[in-house]
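Whole structure, please, built from the sequences with the hints as guidance.
Chains as they are written, first to last, in the working numbering: chain C, 166 to 435; chain V, 39 to 150.
Because the hints were derived from the structure by calculation, they are not lab data. Cβ atoms here follow ideal geometry from the backbone N, Cα and C, with glycine treated the same way. One should not assume that every hint holds.
Unchecked claim - Covered stretches of chain V, as calculated for chain C (at least 3 residues, CB under 8 Å):
| # | stretch |
| --- | --- |
| 1 | 71 to 80 |
| 2 | 112 to 124 |
Stated by the list, open to error - Here are some of the chain V residues that sit facing chain C, going by a computed Cβ distance under 8 Å:
| # | residue |
| --- | --- |
| 3 | 65 |
| 4 | 83 |
| 5 | 84 |
| 6 | 85 |
| 7 | 86 |
Said to hold, decoys possible - Computed list of chain V residues with no C-beta within reach of chain C, every gap over 10 Å:
| # | residue |
| --- | --- |
| 8 | 40 |
| 9 | 45 |
| 10 | 48 |
| 11 | 56 |
| 12 | 59 |
| 13 | 62 |
| 14 | 63 |
| 15 | 128 |
| 16 | 129 |
| 17 | 132 |
| 18 | 133 |
| 19 | 134 |
| 20 | 137 |
| 21 | 140 |
| 22 | 144 |
| 23 | 147 |
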Amino acid sequence: MQSLEQLISNWRADMRKNLDAESVEELEHHLRDAIASQVAAGKSPEEAFQNAVKQLGGGEAIRTEFNKVQITDWWAMKASFVFAILIVLLATTGLIRFSGRPYGEWLGPHVAAVTIGFFATYIAGGLGIAFVVERVFSGFAAGRVQAAARAATTYSGVAAAFTAIGTILGMIWAKQAWGRYWAWDAKETGAFAVLIWQILFYLGGKSPLLPPRVLLTLAIFGNMVLSLGWLAPNMSYSILIALLALHAAFLALGFAPNRCFNRPSEAGSR
Amino acid sequence: MKLDKELVAASSAPLILSILAEGDSYGYAIIQRVKDLSGGDIEWTDGMLYPVLHWLESKGQVKGRWEKAESGRRRRYYSLANKGRKALDEQRAQWNLVSSTLQKLWRKHAIA
Numbered sequence: 166m167q168s169l170e171q172l173i174s175n176w177r178a179d180m181r182k183n184l185d186a187e188s189v190e191e192l193e194h195h196l197r198d199a200i201a202s203q204v205a206a207g208k209s210p211e212e213a214f215q216n217a218v219k220q221l222g223g224g225e226a227i228r229t230e231f232n233k234v235q236i237t238d239w240w241a242m243k244a245s246f247v248f249a250i251l252i253v254l255l256a257t258t259g260l261i262r263f264s265g266r267p268y269g270e271w272l273g274p275h276v277a278a279v280t281i282g283f284f285a286t287y288i289a290g291g292l293g294i295a296f297v298v299e300r301v302f303s304g305f306a307a308g309r310v311q312a313a314a315r316a317a318t319t320y321s322g323v324a325a326a327f328t329a330i331g332t333i334l335g336m337i338w339a340k341q342a343w344g345r346y347w348a349w350d351a352k353e354t355g356a357f358a359v360l361i362w363q364i365l366f367y368l369g370g371k372s373p374l375l376p377p378r379v380l381l382t383l384a385i386f387g388n389m390v391l392s393l394g395w396l397a398p399n400m401s402y403s404i405l406i407a408l409l410a411l412h413a414a415f416l417a418l419g420f421a422p423n424r425c426f427n428r429p430s431e432a433g434s435r
Numbered sequence: 039m040k041l042d043k044e045l046v047a048a049s050s051a052p053l054i055l056s057i058l059a060e061g062d063s064y065g066y067a068i069i070q071r072v073k074d075l076s077g078g079d080i081e082w083t084d085g086m087l088y089p090v091l092h093w094l095e096s097k098g099q100v101k102g103r104w105e106k107a108e109s110g111r112r113r114r115y116y117s118l119a120n121k122g123r124k125a126l127d128e129q130r131a132q133w134n135l136v137s138s139t140l141q142k143l144w145r146k147h148a149i150a
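Spelled out as structure tokens, the structure:
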């Protein structure tokens, strides 16, 4: 039969799987007080221990409650967001710089509208990247995941609206410049694919069937669709492959189960 | 009496703040105080108290500190902060309003 101290030691090790050291220390004090109270009332130490552990609750349940009220610096999310925006700015700057075409009165607004639409898609994807990276280091309160998913859905809606407007403006410019509205060339087909993705993602975000975590992870796939549809006709294959591989890695991270991450602390983490 | 979990959740912060308004305390003592005051009718899962305490601390409503207990181990004590006093006043006003409104309704519709 194990001694009381051995039982408490095992309990401590078990709780450390879910909670940080200080929280476990605090809970251990509570456990000892509860045991002492029951022993004083006539219970055996082992029985008092079992009752006190039951009354305290399991480590995972307590961690879930801590996750609901956790504070985090969100540094990983902020860094990923800045990274995503930089990527978009670089891509946009590069495209405008290297296109070399004269801008007609329809071409300029077309480029601007489509760029805003594609930029908004990258922001939604950036939110997804920020989510999966932050998830590696700390848990997420359910409310925060839902808020991030709602933001990604909103950006996708904005993206679809601007892309659609930009596409129509582009069709009008193409008619003026080339005598036809649509020819299913690489850029037009790519833009069409992106627009379809934006609409599907938006509808998925509005649907109650898709969990927020899955939606945020799928937003990363949107970046891949965009990279193929927008950047591929204008970029070297090696850079495109590297970009796709990076996003695929983030996607894999997003779909990895929680048990893959040995998060040292989620309660009061800084 | 088993309370609805929403009611337990809603009442936990004002209960904790009210107990700390009486004086500094620690987790186990807070749980016992709630049991004593409610005659054992309000029973929390003890471990759930601590996330609420940490939340109140993150909002600046309570202050936590480690002190050496009689056993020689560290014990975490909590005290009510100024922000917590203001929050408690607001909570008291809200709960009194809800309670008095319900009392008026129930008195009116009391079953003999």
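Hint check:
With 0 residues carrying a beta carbon less than 8 Å from a beta carbon of chain C, the stretch 71 to 80 of chain V misses the three-residue requirement, and the given coverage is violated. Counting residues of the stretch 112 to 124 of chain V whose C-beta sits closer than 8 Å to any C-beta of chain C gives 3, which meets the bar of three, so the coverage hint holds. This hint holds: residue 65/V has a C-beta 5 Å from the nearest C-beta of chain C, less than the 8 Å allowed. Interface hint at residue 83/V: satisfied, since its Cβ lies 5 Å from the closest Cβ of chain C, which is below the 8 Å cut-off.
Interface hint at residue 84/V: satisfied, since its Cβ lies 5 Å from the closest Cβ of chain C, which is below the 8 Å cut-off. About 4 Å separates the beta-carbon of residue 85/V from the nearest beta-carbon of chain C, less than 8 Å, and the hint is met. With a least beta-carbon distance of about 5 Å to chain C, the hint placing residue 86/V at the interface is held under the 8 Å criterion. Listed as outside the interface, residue 40/V is consistent with that label: its C-beta sits roughly 15 Å from the nearest C-beta of chain C, beyond the 10 Å cut-off.
Every Cβ of chain C is farther than 10 Å from the Cβ of residue 45/V; the closest lies at roughly 16 Å, confirming the non-interface assignment. The beta carbon of residue 48/V sits about 14 Å from the closest Cβ of chain C, which is more than 10 Å, so the claim that it is off the interface holds. For residue 56/V, the requirement that its beta carbon stay farther than 10 Å from each beta carbon of chain C is met, with the minimum near 19 Å. Non-interface call for residue 59/V relative to chain C: holds, since the shortest CB-CB distance, roughly 21 Å, exceeds 10 Å.
No Cβ of chain C approaches the Cβ of residue 62/V within 10 Å, the least distance being about 15 Å, so the stated non-interface status holds. At the 10 Å boundary, the C-beta of residue 63/V stays outside the reach of chain C, the nearest C-beta of that chain being 12 Å off. With a least beta-carbon separation of about 19 Å from chain C, residue 128/V lies farther than 10 Å from that chain, consistent with its non-interface assignment. At the 10 Å boundary, the C-beta of residue 129/V stays outside the reach of chain C, the nearest C-beta of that chain being 17 Å off.
With a least CB separation of 20 Å from chain C, residue 132/V remains clear of the 10 Å interface cut-off, as annotated. At the 10 Å boundary, the C-beta of residue 133/V stays outside the reach of chain C, the nearest C-beta of that chain being 21 Å off. For residue 134/V, the shortest C-beta to C-beta distance to chain C comes to about 26 Å, beyond the 10 Å cut-off, and the non-interface label holds. At the 10 Å boundary, the C-beta of residue 137/V stays outside the reach of chain C, the nearest C-beta of that chain being 26 Å off.
Listed as outside the interface, residue 140/V is consistent with that label: its C-beta sits roughly 28 Å from the nearest C-beta of chain C, beyond the 10 Å cut-off. Non-interface status of residue 144/V relative to chain C is upheld: no Cβ of that chain comes within 10 Å, the nearest being about 33 Å off. Once the 10 Å rule is applied to beta carbons, residue 147/V is consistent with being away from chain C; the minimum gap is 37 Å.
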